[in-house]
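Asker: Sequence:
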Amino acid sequence: MILMNETHRPPAPPRTSPPGTRPVVPPLAPGALPGLGHAPALLRDPLGFLGSLARYGDVVRIRLGPRTVCVVTDAGLVHTLLVALAHDCPRGAVQDTLKTAFGDGLLMSEGRAHRDRRRMIQPAFGPDRMGEYLAVMHQVTEERAGRWRPGQVLDVAKEMNHLALEIVTRALFDARLSEDATLAFHRALPDMVKGQIVQSLYPHPALARLPLPVNRRFEAAVRVLNQVVDQAIGQVPDTAAGRAGCPVGLTAGGRQTLPALLRAATDPATGRPLTEADVRSEAITMFGAGTETVSTTLTWLIDELVRHPRVEARVLAELDEHLPAGTAPTPEALARLRYTRAVTQEVVRLHAPNAFLMRTARVPVELGPYRIPAGTELLYSLTALHRDPALYPEPLAFRPGRHEDGGTGPGGPAARQAFVPFGAGKHKCIGEAFAWAELTVAAAAILRRWRPTAVTGSRAREVVWTTVQAQGLRVRLAPRGGAAPHTPGTHRTPPAREKTPGRCHLPGKGKGPRAGAGAGAGTGTGRRPGGSGADRPAPAADPVAGTRRTAPARTASARTASARTTPVRSTPTATASVLTVATPATTVPRPAPPVRPGPSPTAAATPPAPRTPGELRAAAARHTGWTLAHGLLTPPDLRRYQTYALPELIGHSYPRARGAELDLLVDVLGWFTILDDRFDGPPGRRPAEARAIVGPLLGVLEGGPAPAGLPQPPLLGAWRELWRRQAAPMSPAWRDRAAAEWRACLETFLAETAHRAARTVPDLAETVRLRRHASCLYPFMGILERVHGAEAPAGLLAEPELHRLRANTADIATLINDLYSADREERQNSAAFNTVLTLQRVRGCTRSRAAAAVRARIDRLTTESENLRRRLLRRHPAGHWYLDGTRELVEGVYAWTSTSRRYGGEGGSR
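All you need for this note's numbering is the position in the sequence shown, starting with 1, plus 982.
Please keep in mind that the hints were generated in silico from the structure rather than gathered at the bench.
Just so you know, nobody snuck in bad clues.
Keeping only pairs whose Cα atoms sit at most 30 angstroms apart, straight-line, the calculated DSS-like set for lysine-lysine is:
| hint | residue 1 | residue 2 |
| --- | --- | --- |
| 1 | Lys1140 | Lys1410 |
| 2 | Lys1176 | Lys1140 |
| 3 | Lys1176 | Lys1410 |
| 4 | Lys1408 | Lys1176 |
Using the sequences and the hints, build the whole thing.
Answerer: Below, the structure is given as structure tokens:
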């Protein structure tokens, strides 16, 4: 809720520059378009654009059409703007749009009017009210969660929207909305928010009165919201108070509702009671601010807990200690939930509910060294502040520990000052305490009753207007009551999909990696950088003399927890030989959430420094130069090639790679993509040309020298360098393994070309084999060792279960790609090498049923892989980094494939 008490104002910093300095004009951000300025960039990617401005200065000018707006990127200057300059810089254009629609309420008012209105409303959020509010929050959440059913797939954003609205309605208004009113509210709110942002960007206010579609939808939304609020503030409550005959405006506890407080108050400026329009204006504020931001934060909270089971387990343990089941929440109990509070704070930091907010300088002011003329609009982004790597190391990582012990983390006082999700100064959200309590109570009630498991491929995604909404998260519910609590370090296995009779399935042959669906992560011919592999177990490595890093010995508590937990049995690949068609879905599968071991007492004392976004950008720039220097691309080729955003795949898949290892990964991936694109042309149909390209590449793996005095083709010269960079620091055993994996990958170009030339198509079993070989995930698993700085333990490499895990890793990643690339490969006559299309052709089923069969296979392989990782970790704890790396590779392929323009923005068979 962007809704407790005023905070004491710290001493205001001086408004003018220090003596001897002259104020300067803020720099103008590059990239403004004629007539439009930066408006397209802001509308296209608000968070990315605003987050990029800090590199140009602490205050940066941008142009929105004919208007100039100053964006404040420094946390200290934002604090100055909100506190010391609050009087001189009132709220700006975004709030003005709401003022026109809803009147001069608390959210829209300034100066004395704001102070007077705040004093009227303050009693509704006093500490004496919190106990009653907590009871309502708990009751409402229990009622809604009690209507859910085991196995139900929940649209989390939708449910949290309904929950937050009902809590506000019953806690502040002691009312209940009809189902029609509730649905109307949620349908209208997005149109109101979109209209708010678009109208705030108009170069002239008169444009808001034109009959444009966005204006009409905004006006209709305002009418609906007013009608819904009228229902809430005008009804006799159908609650315990109403049924007990309590006077209208009093709760069962004898306290006034918010509308009753407002109707009993007088306007200090006029001495008259507030009008019904005033009451409605404040009610609108509470409904809007108290619903969308809280529901969005609850959605992100569930999303993060599902993906971080250790965090969830610790939250549940704290609830068991301080708020046992069956205990009514109290302010004292909530105050003891320190870790839970840290978790909710980290959710709000990482997923700030507001994309940006605005102020307007009504007089000339100075922010640091910058002169801001009167009339200038000022904008700041909480998301950009909360994701500043200078304040929050690894800012996109979910780390509740940042906020423990008062938040005395690496960012120090500056990070605490930058953490202003509810604002600062006189405009600080009046309902902050209400909102924090609501998040905790609702999460506690839901988590005690249900164990949510994310439906594959349905992570929450950011949808940005003035607020940052969370959409797309779907979870499957399993009852928590009576089941053993989830233990850190164990995998939460989702319920099996219901099977639908059908003819689409993938064959499995025998045991081990050959069974199940292999798939290449396809580019043009069905490959995807990030996948390769053999359909046979990889050869065991020679013993490694030693590793430079050792893995954690598990603590006694972790061993005890594992002993208490019954492990989930892995389904042997041999018994999972049929890929049955599941009910068609609309999302792409996403791998299961990570399960990572704790810190190692024997690992290096100082972990590698986190990689900054700038390092990945610099690696991408170096890669561009490398491709040009080797003649792999020409300058005209770069624009299309760079739209693939291949370095982002590396960034997702290797989160700790830096320096030379990062460069190597990006260069190998780029080289393989360029090679693959060559086979979209004539070499992919002419066996002789294919052999002329692939043969010399295989020769490099055999150690063949470069021909003296003869120029090398660009692909060959670049490959010779890449193989040297891969193999130079590694053992002979590693080089033998890596050479075999690259050989299996490169030879598939010849096999696929032979099929095209003969106009034959492989059967389903051969498609599975080719797909696993055709991508380069196996070699990229080998490069995991190069990045880590040590080779995987020999005992781990010899494990048959590791061979199966590696095959599963390749299959999951490449099957994910097959879902996305099906349409593109069908157009490029590569359908014979796409598992979805081959399944459709061979089994005679529809595209949706073939895709559903592939998704079901991914689900089973993902579950089996987590079981394999857990068992291997028990036997080989020193190899934890390698096991985690196989998971990160799959997650990286998913993150990149689901957003890449490699397939022209089309959804394939998602």
